[in-house]
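Undergrad: Okay, here's what each chain looks like letter by letter:
Protein chains: 2
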Amino acid sequence: MRPYNFSAGPAVLPEPVLAQAAAEMLDWHGSGMGVMEMSHRGREFISIYEQAEADLRSLLAVPAQFRILFMQGGGLGENAIVPLNLSRGGQVDVVVSGAWSQKSAAEARRYADVAVAASNETDGHTSLPAPASWQLRDGARYVHLCSNETIHGVEYQQLPDLAALGCSAPLVIDCSSHILSRPIDWQRVGLAFAGAQKNIGPAGLTLVIVREDLIGHALPVCPSAFDYKTVADNGSMFNTPPTYAIYIAGLVFQWLKAQGGVAAMEARNIAKAELLYGYLDRSGLYRNRVAPEGRSRMNVPFFLHDERLNDSFLAGAKERGLLQLKGHKSVGGMRASIYNAMPLDGVQALVAYLKDFAQRHG
Amino acid sequence: MRPYNFSAGPAVLPEPVLAQAAAEMLDWHGSGMGVMEMSHRGREFISIYEQAEADLRSLLAVPAQFRILFMQGGGLGENAIVPLNLSRGGQVDVVVSGAWSQKSAAEARRYADVAVAASNETDGHTSLPAPASWQLRDGARYVHLCSNETIHGVEYQQLPDLAALGCSAPLVIDCSSHILSRPIDWQRVGLAFAGAQKNIGPAGLTLVIVREDLIGHALPVCPSAFDYKTVADNGSMFNTPPTYAIYIAGLVFQWLKAQGGVAAMEARNIAKAELLYGYLDRSGLYRNRVAPEGRSRMNVPFFLHDERLNDSFLAGAKERGLLQLKGHKSVGGMRASIYNAMPLDGVQALVAYLKDFAQRHG
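Protein chains in written order, with full-length UniProt numbering: chain C, 1 to 362; chain Z, 1 to 362.
Isolated chain C, as found in the complex (with noise of 0.2 Å):
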């Protein structure tokens, strides 16, 4: 059996996705080509790259009118690229909730005239800025939301109804650490991207799922590859796209319609994240410092309540098998990264080793 890897991204991806790819490396379906020797115009790789995009379209129940782009430059190339294509250079409204959506707000500085419509810097990224409570400007282009903030946990349970809240701009959500973890309300979004290498798989891939009406407003200084309207009306193709990382997402998404879709994802997803969740409550020695209401059922940063005892824990982590434990530099003490690919039995398994550690130091 492999060991359980809880890396935060790049990140674990299903046994059999790795299986077949392995199988497949060397001649794709009788093609005497492997995936990624294969012309980007050919027959053989169009047929892989349009079976990702449907299923991927029929697992996010993606509505027609918006377009899926495969790009590259993950989170942090389209923290320049959304601004780039939707600000216009005017009012963009950021809601901090974490260290990635305070990337996004410093990036798009350099583009747009932007501001902090609510922040949780104050109590160190643990609470949930409530949609009540958000400043919005009649003016703003779009408003930036981190929808699961990796690296501090946090995760809104539902997306804000920026409509009901007044604002007439669209919603900009970076799902890169839980899409296809739960469904989306496409009906509250204008624009979703996320870079592969945490809840999909390939580092190098980025998705974006962008409304119709949002493409073709780009600066003028935006690269034509990062252009949504090049990107889109070259189906993808105005570069040379990462073919392989697309490969690998479109087994990863067949992995997820096998396992019944989105929706069965999101029931186990619920339940690993009461197991670890509960237990972190109710044991004596560990703690996760996020507000209940905002915790990510994908990230789980947690500390031990003596933090000497740090390295110790990860060395024994490591001899059972539990790889990748340990918290972001910016945060510290641990960090459970639980996403589609790790089973039930990888959090159990975590658990267990929890209490075991938990009876030998408590």
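None of these hints come from the bench; they were simulated from the model.
Please read all numbers here as calculations on a predicted model, not as lab measurements.
One thing to keep in mind: the hints can contain errors.
Identical chains share a label here; the pair holds if one copy fits it or two copies do between them.
As the list claims (entries may be wrong) - In silico DSBU-like cross-links for lysine-lysine, where the CA-CA straight-line distance does not exceed 30 Å:
id, residue 1, residue 2
1, 103, 355
2, 355, 318
3, 229, 329
4, 329, 103
5, 318, 329
6, 257, 355
7, 229, 318
8, 103, 229
9, 257, 103
10, 257, 329
Fit chain Z to the supplied structure of chain C, relying on the hints for placement.
TA: Then chain Z, alone, in the frame of chain C:
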């Protein structure tokens, strides 16, 4: 035996590289993780990254004052990223030798005062614009050259010495489709970039090798993720790099070293090119239109004298296991890309088929 794949990119990879990648897919070196699942900040991936960088530096004899950056966005991305970083909004001179440098000139106009220093457009990009004829401006921030044009099959057999031409600007080369096929004279180069999907391997990785003094001058509108200084200061890990593509590139670098390095590859590439061009020139049925001094060792476009035979030619080639020979749509005819990973056997098999087809239709 696998078919021979003449795709212009993404393109054939060495079989031992693919076999090793398949074998390590679920568990890299006993780590319990596949490479795609590793945190880019963990010691396992860092060791892969550092080895890849060191091997590339050694293979291409990159001097210490050049930084090697692993980026995203491909050549078309760099067409914007280079002027964003190097132009300072001033003058840029571009030598147009084919479709790719033409695109570079167009994109740079977003950021700089661009002039075409020379162009072979009038003869359909079949001649080599000789450096002595270039119109270079005193104030140019850099001179852009595509040292091998993938589509038109035009290659500079040696890089121009700008200083000898009385020009003090650094030379920027787009060497995407012939990197590692021959040495690079770094004394004549300020920056070299290459999309990996032609002569290295996986699409979605872009290599930038840049002299240190050219780093740190980005325009304010340059996205942080594409600012050479941000990338260099963070060891190519400001945003999550395309980790799996870097791993595959590293395996290709190791394979190249085992083959005898770039000098050995160059000798093989000369032999392959002489075999193919030699036959095309002697045959009555085929024709390469590029002036002999400008012919690419990597990309060989050719035409059947009777273009009504094109479909029949391609169908027969596929039956013989000779794949992806159709020419680029903007040029027509055929194109054989014979990168490092294409063995002499493959070119011999292609020439045998060319002869056989000529006999049947001569």
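Undergrad: Output the numbers, in ascending order, of every earlier hint that fails for this structure.
TA: Hints 1, 6, 7, 9, 10 not satisfied by this model.
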